[in-house]
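Residue numbers (the numbering used here), protein chains in the order written: chain A, 1 to 213; chain B, 1001 to 1385.
For the record, the hints were derived by calculation from the structure and aren't laboratory data.
A few of these clues could be false.
[Unchecked claim] Counterexamples of contact, computed for chain A against chain B with all Cβ distances above 10 Å:
id, residue
1, Asn53
2, Val117
3, Gly120
4, Ser151
5, Met152
6, Gly177
[Stated by the list, open to error] Listed next, the in silico EDC-like pairs over lysine to aspartate or glutamate satisfying Cα-Cα at most 20 Å (straight line):
id, chain 1, residue 1, chain 2, residue 2
7, B, Lys1267, B, Asp1117
8, B, Lys1004, A, Asp63
9, B, Lys1126, B, Asp1096
10, B, Lys1006, A, Asp63
11, A, Lys24, B, Glu1008
12, B, Lys1004, A, Asp15
13, B, Lys1006, A, Asp142
14, B, Lys1004, A, Asp17
15, B, Lys1055, A, Glu3
16, B, Lys1004, A, Asp67
17, B, Lys1004, A, Glu68
18, B, Lys1004, A, Asp23
19, B, Lys1055, A, Asp17
20, B, Lys1006, A, Asp119
21, B, Lys1006, A, Asp23
From the three backbone atoms N, C-alpha and C, an ideal C-beta is built for every residue, glycine too.
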Amino acid sequence: MSELNTFYFGKVIADSDMLDVADKAPLNRVKVYILGLSTADEESFSQPRGSNNENTISQTNLDIIGDEMYAYVMQPVMGTGAIGRYNAKKDLFSVADAGPIENLDATPPAEGYMDNVYDGFVGGQGSSTAGVNVNSAGFAPDNRSNSYKGSMAMPGVGSTVVITFMNGKRGMPIIVGMVPGQADVDSIHGLGLPDEVYPNYPTFYSNTSTEEE
Amino acid sequence: MANKRKAESGTENVTERNQFVLNNAGGAIVMDGNTAEERLQISHPSGANINLNNKTFSMFAPNNAQELTLGDKFSTTAGNSHIQTRGGSETRAYGDITLVAGAEAFFNEPVADEWIDLNQDIAAAKAGPELAYGGVGNNTDVEFQVDGTPSSDGTVEGGTYNTNAAQDNVQQLMEEKAGEIAEVESKMGEGGSIKMMSVKHLHLQAGAKPVSFDSGLIVKDGRSVTRKTVIEDGALTEIKTGTTLFESKDTSSAVPFGDIHLAAGTKIRGTAGSGGIGLKTSGQMDLNTTGRMTIGGAEVAIGGSTSNSAGTIKLIGDVDVFISSSDLVTVDSANVNINATDQVTVAAPLTVYTGDLHVYGDLIVEGEIVAMKDITAGGRGGVST
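Produce the complete structure using the sequences and hints provided.
Here it is in structure tokens:
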């Protein structure tokens, strides 16, 4: 078994795959420093980038990783995960989400509200309150019908990720998830106190059956 | 590692771009992290969406929108609030509906009292006479100073009076108070009025049904009054008759519905077009003022009538009841009584009595007596000349 057929911790050092003029189209990929694998030199940093950080990744390793392949980002399954739908009885595939599947160009009602939807306080309505709402046209939906189904996101620079390699090949790294660290947990569950407390973090109720001695 | 792609615009180097999308055929949740354009939007294929961004929090429903709150509901708007309904609108409360307008200071500080106190002296100066001929304020009972002498008949009219200094200095007094008054008025804030406007009709109704309990007792012959006075055997004899006694009864003050209360701190002005104004009640109607009341019109009719023909009218004045017409005054009744404790004066070039004139006292004539027929002394059948 190749040593690449396992999981590694990694740190995202670039959150895009459009870094070079040769990168023509985005594929939702990032650059990752993989602990114990990316370079021979050991690194010790909390955040890999930023002149305001005391420890960052070295320029040498940064350049080495820059020449590595981009890592894909695995997304969770959230129902149908494709552009389009298929009906077996009619044996039809359509990217249109709205209407009968025979209507391959169907658009949802939301498309009708992308422009020219105003509330009653837009200017020029002839009432004494016309024009009082400067955001009177801000009602357009962000319609994603006929598009990819599921989640689409990329980890930011400094994210701690779990990464592995498709088929054990170094040229196909893929991030399978993120792992929050102590600072991440504190930022969500802590109150910022010197002697930190975590009011919403599970502790006693589901874990302690007796009083501490 | 270096970014070998050159940004087309310099702003791209200071504009962070990232977007998280959760998308399904049932709708999309989009979170933008783009610099200065941060956004959370939940959209449905129907077009319905909730949009939270740096400018506004907007909700759009292309179809119906509804909301159900089983507890209490609170809504606070720090700025102005605008609600527009393009169809009909109904606001129904099974409890009370309270509409309040006005700056917070009106409820937390005695700004109205402060304003009245500051304007009290100005109002008193305005109410006083231009010349110092005295008088009493109709609401405050303040007696104004007299500086002069009345006419020979003791009246102000025709008298000689000096200028009322207070009235003369109203402008100066207003200027002196203007600063303090402006300070109080600034605490009253902008607005504070309720304006209700309808392009068609405005209907105010209190109570689900009208209440027509008896509000008074009509006793047709309840009071004894003089019908007429006759002279019999050389003596005056009063002929009495009964007139209506109306006893007002309170039967409706405790009815738990149907009251409308209008209270104006200063004035109520009502105008209506050619449709007119009608006020009708099955209870008592009071129109009172401590000031002057004017009732006028092309024709003014005052009537007292009941279903059993027992209506009465009373005109009462503390000092003076004056009836005037440029051409004609008619008093029409089967019997007319004029009671004067001092004198009745008829000032007319000619006075005509169409029937007999019976004088109980002496008949003193300063001019001539012209008789078309005999003058008889000693009563009817006496000596005539």
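Here is how each hint holds up against the structure:
1. Asn53: Asn53/A is indeed farther than 10 Å from all Cβ atoms of chain B, at 16 Å.
2. Val117: violated (7 Å)
3. Gly120: violated (4 Å)
4. Ser151: violated (5 Å)
5. Met152: violated (5 Å)
6. Gly177: holds (15 Å)
7. Lys1267/B - Asp1117/B: holds (19 Å)
8. Lys1004/B - Asp63/A: Holds. Lys1004/B to Asp63/A sits at ~12 Å (cutoff 20 Å).
9. Lys1126/B - Asp1096/B: violated (42 Å)
10. Lys1006/B - Asp63/A: At roughly 18 Å apart (the allowed maximum being 20 Å), Asp63/A and Lys1006/B satisfy the hint.
11. Lys24/A - Glu1008/B: OK: Lys24/A and Glu1008/B at ~15 Å, within 20 Å.
12. Lys1004/B - Asp15/A: Holds: Lys1004/B and Asp15/A sit about 14 Å apart, inside 20 Å.
13. Lys1006/B - Asp142/A: Judged against 20 Å, a Cα distance of about 30 Å means the pair is violated.
14. Lys1004/B - Asp17/A: holds (11 Å)
15. Lys1055/B - Glu3/A: Distance ~51 Å between Lys1055/B and Glu3/A Cα, so the pair is violated.
16. Lys1004/B - Asp67/A: holds (12 Å)
17. Lys1004/B - Glu68/A: Distance ~15 Å between Lys1004/B and Glu68/A Cα, so the pair holds.
18. Lys1004/B - Asp23/A: holds (10 Å)
19. Lys1055/B - Asp17/A: violated (31 Å)
20. Lys1006/B - Asp119/A: violated (42 Å)
21. Lys1006/B - Asp23/A: Since the Cα atoms of Lys1006/B and Asp23/A sit roughly 12 Å apart, the hinted pair holds (cutoff 20 Å).
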